[in-house]
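S.K.: Take a look at the letters that make up each chain.
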Amino acid sequence: MFNPQDIIDLLAANVRQTRNPFGVPASKFNTWWKDAGGFTRRPGDALLFTGLMYQAIPYIEATTRYLERLEGSSWAGYLRYSRFLPASLRGRGLAALTSAAGKKKFNGILHTICRLLKKSGAGFFYHPEMDFYSGILLYDLGDQDGFIKHAQFVDKTLKLHGVSKIITVDPHTTYALKELYPKYTGATFEVQPYFSQLQFQAPAAGNGKPPVVLHDPCLYGRYLQLSEGPRRVLKNLNLEYVDVRNCGEFTSCCGGPAESVSPALNREILARRAGELKAAAAPVVTFCPICLANLLKAGLPVEDLASLVGRHMA
Amino acid sequence: MALVNPDFAAELKAYGVDTPLECFNCGTCAAICPLLFEHFPRKMIRYVQVGAKEKILQQAEDLWRCLHCGLCTQTCPRQANPGELILGLRRYVVAQARRA
Chain A
1 MFNPQDIIDL LAANVRQTRN PFGVPASKFN TWWKDAGGFT RRPGDALLFT
51 GLMYQAIPYI EATTRYLERL EGSSWAGYLR YSRFLPASLR GRGLAALTSA
101 AGKKKFNGIL HTICRLLKKS GAGFFYHPEM DFYSGILLYD LGDQDGFIKH
151 AQFVDKTLKL HGVSKIITVD PHTTYALKEL YPKYTGATFE VQPYFSQLQF
201 QAPAAGNGKP PVVLHDPCLY GRYLQLSEGP RRVLKNLNLE YVDVRNCGEF
251 TSCCGGPAES VSPALNREIL ARRAGELKAA AAPVVTFCPI CLANLLKAGL
301 PVEDLASLVG RHMA
Chain B
315 MALVNPDFAA ELKAYGVDTP LECFNCGTCA AICPLLFEHF PRKMIRYVQV
365 GAKEKILQQA EDLWRCLHCG LCTQTCPRQA NPGELILGLR RYVVAQARRA
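Residue numbers (this note's numbering), protein chains in the order written: chain A, 1 to 314; chain B, 315 to 414.
Honestly, the hints are just simulated from the structure, not real lab data.
Glycine included, C-beta positions come from ideal geometry on N, C-alpha and C.
Check the hints yourself; a few may be wrong.
Computed footprint of chain B on chain A, listed as stretches where at least three residues anywhere in the stretch have a Cβ under 8 Å from a Cβ of chain B [said to hold, decoys possible]: (1) 2-11; (2) 151-159; (3) 164-175.
No more than 27 Å apart at the CA atoms, straight line, and that leaves these computed lysine-lysine pairs for DSS-like [unchecked claim]: (4) Lys103(A) x Lys118(A); (5) Lys149(A) x Lys369(B); (6) Lys156(A) x Lys28(A); (7) Lys183(A) x Lys327(B).
A few chain A residues that face chain B, going by a derived Cβ cut-off under 8 Å, partial list only [claimed, not checked]: (8) Gly37; (9) Gly38; (10) Leu141; (11) Asp143; (12) Gln144; (13) Glu190; (14) Cys218; (15) Arg222; (16) Tyr223; (17) Pro257.
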């Protein structure tokens, strides 16, 4: 395990300097929208707010590969000095370690979400200058001051742009905007996860494939109690799914939250959850980029809800 | 030997911890916690109740093992909110470190 304070100081310095925990300017890695067609903002439209989470997964994977090698070694203590490097230098190093295939894959999920929202007739728009990292990792790690300052910046910027309705794509950002921002910044946005906006004239036959098994992220399952949303989408499309014993409000954590301070602990928790899911002998579907990347690491056949639904509605 | 501080639970209110005295130490949280680790988080809650501040600071790293998965809070029969208590202790420890 790394010294948590070293990790917190590094992440907080990155957020202060680049508004995200990776030290890479958002313009460098938030590029998915360039291939997503145009967006027109009409009165009453909701802002699609990705929180930069799907785009960040290839960067998180690169960081974790590096941290896994470092954890427990005599070099681990030197991590504390990395915050003294300029964020741009840290960011360039990280960008060099990040795979193009990973970027394409996770950007593709955002393209699919956009396509599904359009097909459902949801009123939404996107603008990269209104899309920020939510600050959730600072909150989770206990950097309350850092989180509040960042959240206030995001809240103020969105209000300046007249945003009142928000569509989110991942549970971490949804939780931050729905529960934490109102508490810590007084924000009053109407926040909905994208799957609650999906409505299709569905082909009645389903996809003729065996059922998938669902992995509920902790934040949707327990904190936000939104596990029914993805199930409603699948039911409406006649796509079959099964649940494992630990699902919904009692879902098991995949271990992802431990990744930043202890990749080894993450692996331990992940192995247990992977075992539970493997017992269902079915492809896994989840709706969180952190869970998705983590379960892939366990070698499970797993895909995002949007990918499954997008393929069916192609 | 550990010094105890009966006002410690009140001190933690500034860090969002306001339910530790609800806990009657049944251990449900430790039983359901995926960490399966040395009576976590029950031990930490007990330290807060008796005000064993030094013990918490000595074992502070354990606080960051918590996944913030919420199972302990979901199953706590006393609504003592163990998950939020651990998060509050992280805030407390970070604030102490920054003050030092």
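S.K.: Output the indices of the hints that this structure fails to meet, ascending.
M.R.: 2, 3, 5, 8, 9, 13
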